[in-house]
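A.B. asks: If you're matching positions, the sequence shown starts at 1 in this note's numbering and goes up one per residue.
Everything labelled a hint here was simulated from the structure, so no lab data went into it. Just so it is clear, CB atoms sit at the ideal spot from N, CA and C, and this is done for glycine as well. Errors might be hidden in some of the hints.
[Stated by the list, open to error] Using C-beta positions, here's what the derived DEER-type ranges look like: (1) Ile166 to Gly480: 56 to 62 Å; (2) Ile213 to Ser120: 16 to 22 Å; (3) Ser241 to Lys261: 39 to 45 Å; (4) Ser200 to Thr349: 34 to 40 Å.
[As the list claims (entries may be wrong)] No farther apart than 27 Å at their CA atoms in a straight line, the calculated lysine-lysine pairs in the DSSO-like style are these: (5) Lys356 to Lys412; (6) Lys243 to Lys356; (7) Lys356 to Lys306; (8) Lys431 to Lys356; (9) Lys261 to Lys243; (10) Lys451 to Lys356; (11) Lys210 to Lys261; (12) Lys43 to Lys28; (13) Lys261 to Lys412; (14) Lys412 to Lys431; (15) Lys113 to Lys139.
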Amino acid sequence: MKILYFFIIAMFGIISSGIGFASADVEKSLIQVNGTQYEIDYKGTNVSVNGISAHFRSYYDNRLDLDITSSQTQNGSMSVSMSNEAAENIFCLASREVGDIHNSLDFMVGTDKIMPEEFSQSSNFNGISLTFDIPAGAKQVTMDHMFVGMAVADPVQFSGIPGFGIYHQGERLNFTGIVQDGCNRRLPYSDIQIHAGVLSIQDMTTQADKTGIFNTNFTIPYNASSGRYMMGLDGTDGNMSGKFSSILLVEQNNETNVSYKLDDPRLGTFVIPYHLDGGEISYIDVDPISNLLDVRYYASHDATLKIRIPSELMDFVGTINDTTTLYSGLRDSIPLIEHLDSQGDRVFTLPVTEGKDNVITIQGIHYGKDAGYDRQGVAPVRINDTAYYPVPYNITNGAFDITADPADNALKLRIETTLGDGHLHLVLPRKLIDSINGEGNDQNFTVQYWKMMDKTTPVVYHESQTSNNTRTLEIDFENGTSIMYIYGTYLVPEFPFAVPVLLIGITSLIVFYRVKFRQ
């Protein structure tokens, strides 16, 4: 009888347990993001939820972990619902993605038994509801959304710090900012390194408080030179990191429009004067590949910017005859007003619009490889990925690209045409390539086709113009695709410091062994 009694009690317990798991009312849990609590509603069959926790890692990995108790003998199911706003903030989704969350390849629901788990989605209200199966004996449910964003942004970011400001010698600067992840969620207790960028100011470190807010301050030295300094912030939170830069324009009292100094190791160093009433230039950048020059500025009102750009820098954008496009803010391309000054530099008069961090783009005539024939422009020749040299050209019946061959003191041209024979007008800077005899006088370049691994077929050309800085070649080419080489006696070294270093090393070895042998 005792055995039968215990058997009945055990069966009653199992049945009672199964009945307890069978169905449940809607329950709620709260997830906090940036101080705001978002409600998660859930209900299950043959399963109960012990707790829900959130795991945030910028836009890399955003998930909800559900600690559950499920029936050991019966499969169950569960529905989890939340508002659109909750989904956006918890899973780092843009508003437009919420309605399609069930179609996103980056979204996954799984248990410790099955990963991933099939799920269905419903949107009969202003939010989402996911329904999925729970295998018997499961203890964990994971709702995961992994969005890497194609590395478009740092996982650690900053807000509240101005990207540009005007300051004076002796001024005390106080900055208060917020450190957050790529989903705008604050990162408490993150470590931050500050590089002021101003001489004599040592690097500093600080830490965000529990709300992700941090503060830093320093004084601009009285002996600081007028100009632009780059303040850099480096933030780390666990294994995530990110950077932020702010431009500090230091001016003396009553001083405005400090000339911009562009220091680009690929192109050189250039001083760019300008005048902008009620505004300042914050940043200038040149893209020699796309023949672009960007001017970033701040203006208190609509005005006119007059800027003088050195001719050697504008050579990377376009000659005075072919720089025809200007983009300013949201405006379409407009005609340029420009002239040459007495030094041959390019002076532009450009309209600017009121606002912060506006951009003017000056673009020379630029053609993609598949653009039409008959064109002119500037082709940048890259040396060792560190320096560019502009080569103006004009081509008829063809498209071409040009690269350097330092081993042979040569330039390699690949020309394509299907419209018949053509002509190439090429202006070669002497600082890039030259052909000089033993007496220091000009001699002809050697121009040859490369056909069937043979580089000795001569190319018909003549030199139409010569100056102290350039040599202009007129080259006829044949129909079809052709490769030709222009050989000189000099091509700018691929590693300009390699030879002196090698000589110093050899000399040092010779001296060392001479001393050793004498001993």
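A.B. asks: Hints first: check each against the structure and report whether it holds.
C.D. replies: The hints, checked one at a time:
no.	hint	result
1	Ile166 to Gly480: 56 to 62 Å	holds, 58 Å
2	Ile213 to Ser120: 16 to 22 Å	violated, 42 Å
3	Ser241 to Lys261: 39 to 45 Å	violated, 29 Å
4	Ser200 to Thr349: 34 to 40 Å	holds, 39 Å
5	Lys356 to Lys412	violated, 44 Å
6	Lys243 to Lys356	holds, 21 Å
7	Lys356 to Lys306	holds, 18 Å
8	Lys431 to Lys356	violated, 40 Å
9	Lys261 to Lys243	holds, 23 Å
10	Lys451 to Lys356	violated, 56 Å
11	Lys210 to Lys261	violated, 40 Å
12	Lys43 to Lys28	holds, 9 Å
13	Lys261 to Lys412	violated, 33 Å
14	Lys412 to Lys431	holds, 17 Å
15	Lys113 to Lys139	holds, 8 Å
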